[in-house]
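Colleague: Taken in order, these protein sequences are the chains called V and Y. One rule links them: number in this note's numbering = place in the first sequence (from 1) + 64. One rule links them: number in this note's numbering = place in the second sequence (from 1) + 1372.
Please note that a few of the clues may not be correct.
Examples of chain Y residues lying across from chain V (beta carbon under 8 Å, computed) [to be verified]: (1) 1377; (2) 1381; (3) 1390; (4) 1391; (5) 1444; (6) 1449.
Per label pair, the in silico range of CB-to-CB distance [said to hold, decoys possible]: (7) V:101 - Y:1536: 52 to 60 Å; (8) V:89 - Y:1408: 55 to 63 Å; (9) V:456 - Y:1486: 27 to 35 Å; (10) Y:1535 - V:451: 46 to 54 Å.
In silico negatives: residues of chain Y with every beta carbon more than 10 Å from chain V [unchecked claim]: (11) 1410; (12) 1415; (13) 1539.
Keep in mind that the hints were calculated from the coordinates and are not lab data. C-beta atoms are modelled at their ideal positions from N, C-alpha and C, and glycine is treated no differently.
Below, each chain spelled out in residue letters.
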Amino acid sequence: MIAEIGQFVLILAFCVAISQPILLAAGLRARDPVFHSVARAGALAQFALIAAAFVCLTWLFAVSDFSVLVVAENSHTSKPFLYKLTGVWGNHEGSMLLWVLILTSYTAALALTAKQVAPRLITLTFAVQSAVTSAFIGFLLFTSNPFERLDFLPENGRDLNPLLQDPGLASHPPMLYAGYVGFSITFAFAVAALIEGRADARWARIVRPWALAAWSFLTFGIMLGASWAYYELGWGGWWAWDPVENASLLPWLAGTAFIHSLRVMEKRDTLKSWTILLAILAFSLSLAGTFLVRSGVLTSVHSFAVDPQRGVFILAILIAVIGGALTLYGLRAHTLKPTGVFSTISRESALLLNNLVLASACALVFFGTFYPLFITTVSDQTISIGAPFYNRTFNPMLAALLVLLPIGSMLAWKRGKLGPILRKLLPALLIALIAVALALWLSFTGSLAGAMGAGLALWIGVGVVLDITSRIKLAQIPFAASMARLRNLPLGIWGMFVSHLGVAMIVFAITGVSAWNQEERAFLQTGRDASSTLQIAGYDITLVEVRDLRRENYIGDEGVLELSRNGRVLETMTAERRFYPVRQMPTTESAIATRWWGDVYATIGPEVPGRGWPVHIYLYPFALLLWIGGGVASLGGVLSIADRGRRSLGTPRSGVSGLSKPAGKG
Amino acid sequence: MRWYSFLPLIGFVVMAIYFGLGLRQDPSSIPSQLIDEPFPIINLPALEGREFGLSNEDLQGHVSLVNVFGTWCAPCVVEHPMLMLIKRTEIVPIYGIDWRDQPGAGTEWLARRGDPYRLVGNDADGHAAIDLGVTGAPETFLLDREGRVRYHHIGIITQENWNETLLPMIRELQNS
Chain V
65 MIAEIGQFVL ILAFCVAISQ PILLAAGLRA RDPVFHSVAR AGALAQFALI
115 AAAFVCLTWL FAVSDFSVLV VAENSHTSKP FLYKLTGVWG NHEGSMLLWV
165 LILTSYTAAL ALTAKQVAPR LITLTFAVQS AVTSAFIGFL LFTSNPFERL
215 DFLPENGRDL NPLLQDPGLA SHPPMLYAGY VGFSITFAFA VAALIEGRAD
265 ARWARIVRPW ALAAWSFLTF GIMLGASWAY YELGWGGWWA WDPVENASLL
315 PWLAGTAFIH SLRVMEKRDT LKSWTILLAI LAFSLSLAGT FLVRSGVLTS
365 VHSFAVDPQR GVFILAILIA VIGGALTLYG LRAHTLKPTG VFSTISRESA
415 LLLNNLVLAS ACALVFFGTF YPLFITTVSD QTISIGAPFY NRTFNPMLAA
465 LLVLLPIGSM LAWKRGKLGP ILRKLLPALL IALIAVALAL WLSFTGSLAG
515 AMGAGLALWI GVGVVLDITS RIKLAQIPFA ASMARLRNLP LGIWGMFVSH
565 LGVAMIVFAI TGVSAWNQEE RAFLQTGRDA SSTLQIAGYD ITLVEVRDLR
615 RENYIGDEGV LELSRNGRVL ETMTAERRFY PVRQMPTTES AIATRWWGDV
665 YATIGPEVPG RGWPVHIYLY PFALLLWIGG GVASLGGVLS IADRGRRSLG
715 TPRSGVSGLS KPAGKG
Chain Y
1373 MRWYSFLPLI GFVVMAIYFG LGLRQDPSSI PSQLIDEPFP IINLPALEGR
1423 EFGLSNEDLQ GHVSLVNVFG TWCAPCVVEH PMLMLIKRTE IVPIYGIDWR
1473 DQPGAGTEWL ARRGDPYRLV GNDADGHAAI DLGVTGAPET FLLDREGRVR
1523 YHHIGIITQE NWNETLLPMI RELQNS
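Could you put together the complete structure from these sequences and hints?
Modeller: Here you go:
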């Protein structure tokens, strides 16, 4: 019954979504303001219907209704309740439904917040958004129906991939999707601007919060994904340049370029067609990411079931959505005329440079991800592109961008002067150079790259602090006046500071984890003597005992490890080897002790008779900072959204465009 | 209209065509060219610090699995426990081809995770993988007693693949 209700509301949602673009186009042609209300009502209806369908599916998982195919395939009565719920999106059909739910949530959020935006633009945006939504609901209904029933009732389900039974998984896809899908709104705005033939500073102000929201979610989602890999895959790897990881990095790079170029458009009314193109690309790459994971063109840890029919459907959606938008772009881009001009040394030029580097980096990752596919398609040869390629190309490119970051963010709009800025940044340069020298002298692993990474991180971090002190004229004017200036700095500027600080933290953490890590391994006996102790960097790790584990959904061994220094026990941690009988699959759970300088990361292998338990210890300095940095960068985006000054600018002036009477009453 | 405004569209059309072609040859359903053909001539050196490599003679006289892997390959990490389980069953020996790895990486990886292979050949330049028509790691070939390829599995071997496809084929080949 519940499954049928879910199916029914999904069909209703499809009907609403597909009728919207037609209705709205007719309304715009007739210039009848009543259609603006139709757009808003339609947006809210789509959201309510999809939310109802999602609730139905969640219910089916919660009560373990195995007569429904996806539940039988992906759940099990012995699974903890929380993972039954996260199982809703741990499979292809459910995750697509979540994708559409987030898509309609954004549309509904736009309907609720954007009451005062130029109605014509907003109505067009709703039309585009609904067209995209209908394509994806269609995809669900026709190729991946989550409510499909089985002809028979299985006794129990077939579990969820145990590798995916982790709190990280529960939060990772929703965050990532919230990022991907958020770019649908900016995409819809871009297409609407192209149809109208108008994009100006006002457009940029309207779009910016949406771009920032998508970017913040995506940043956070990528960070969660990386931490999931770090904690769950068992060797501390957090980024492997896996195609699916790249698929999330591509829209992030385009989106990062986009939020920076939006700023130029807003301030200087220029870089318009480029910004519009980035809006289209950010969403196109998000879709390509979805396409990659689901079509089976590329396989990886993260892949769902392969089905060529789905691939064909998704390709059709891509052609319609991306091809349509880019055709429109080709036809209309020339109508977006810039009014601002560029001078060589200015904030806008620095941001243009930022955009060029980010776009090139994006192109590079795109090439690295798809070139192997291309080669296999046109010839019998195969090639693989992995970390060494990106280390040699992507890393230097990004490093160059980050070197310029503090300078660019201090430059003034229109006419900047380099001399004074470089003088102001001198302390940052000195601190960075001292850090490089110190790192080389301490010579963690004698790595020059590590020293450079630390220097770069401090250059950015101290650069942010100097940017703040220079903006509030600290030590130039009385302290109280400086504090007053500090309080009056707009939230948008704080957002920039915070995000850039997050970047500095991430750079430092990456340096620690990849250049200064150490590892040690040995076979250990259980006990408290020399044969049960492993030493690394002044720490002793003792395998005290190994216990049998029996849980509802798995069995396994649990190694109890004691971390001590100079005979004093600091921490007790447990490393597990689990076996999930339903899927016949073993997994490892690493033991991680977080000290102030980083992580002690331990895994335990299966016992080898006569030799003991293989224990592998890694030291990952500053690993925690990687997640904190990701969170901080993402928080910066959120702060910028909350900038009240910017929102109040969103109120319409009279006679903005198209229709004379705004539909919203607020 | 400006001609260069159409460049993104042209780029996309090219991509879409290749996506389409990529879809048409769905990787897990391509019948391998090698089915019922002799395994290509290989004579691979040993991994760093090991004595024996892998050549065709090793694959003669018994049913065997040949698994192409790489330490750089995340799915291989996922597949690895399954290979260890297969090894424990002692039903069929698994031979490994370490595809395009840094010197020493394969030895280290196997020492750390456990070695499911009877012998491992080092395919540092990737030529053997090209002869095998490998499209990405991991891939596994099932060979009969005469060293002919009887089945080509693309991607991770799951418990289901093993139970439903590989094991019955192996039993049949061993009993014939």
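Colleague: Against this structure, judge whether each hint is valid.
Modeller: A quick look at each hint next to the structure:
1. Interface restraint check: residue 1377 of chain Y against chain V, minimum CB-CB distance 4 Å, threshold 8 Å, status holds.
2. For residue 1381 of chain Y, the shortest C-beta to C-beta distance to chain V is roughly 4 Å, which falls under 8 Å, so the interface hint holds.
3. Residue-level restraint check for residue 1390 of chain Y holds (minimum Cβ-Cβ distance to chain V is 6 Å; threshold 8 Å).
4. With a cut of 8 Å, the hint placing residue 1391 of chain Y at the interface with chain V holds, because the nearest CB-to-CB distance is about 6 Å.
5. The beta carbon of residue 1444 of chain Y comes within 5 Å of a beta carbon in chain V, closer than 8 Å, and the hint placing it at the interface holds.
6. Using the Cβ-Cβ criterion of 8 Å, the hint placing residue 1449 of chain Y at the interface with chain V is satisfied: the shortest such distance is roughly 6 Å.
7. Here the CB-CB span from residue 101 of chain V to residue 1536 of chain Y is close to 56 Å, well matched to the stated 52 to 60 Å.
8. In this structure, residue 89 of chain V and residue 1408 of chain Y meet the distance hint of 55 to 63 Å, their C-beta atoms being roughly 58 Å apart.
9. The supplied range of 27 to 35 Å is met by residue 456 of chain V and residue 1486 of chain Y, whose beta-carbon atoms lie about 32 Å from each other.
10. In this structure the supplied range 46 to 54 Å is violated for residue 1535 of chain Y paired with residue 451 of chain V, their Cβ-Cβ distance being about 34 Å.
11. The beta carbon of residue 1410 of chain Y sits about 18 Å from the closest Cβ of chain V, which is more than 10 Å, so the claim that it is off the interface holds.
12. No Cβ of chain V comes within 10 Å of the Cβ of residue 1415 of chain Y; the nearest lies about 20 Å off, and the non-interface call holds.
13. For residue 1539 of chain Y, the condition that its CB be more than 10 Å from all CB atoms of chain V holds, with the nearest at approximately 12 Å.
Consistency with the previously given hints fails for number 10 only.
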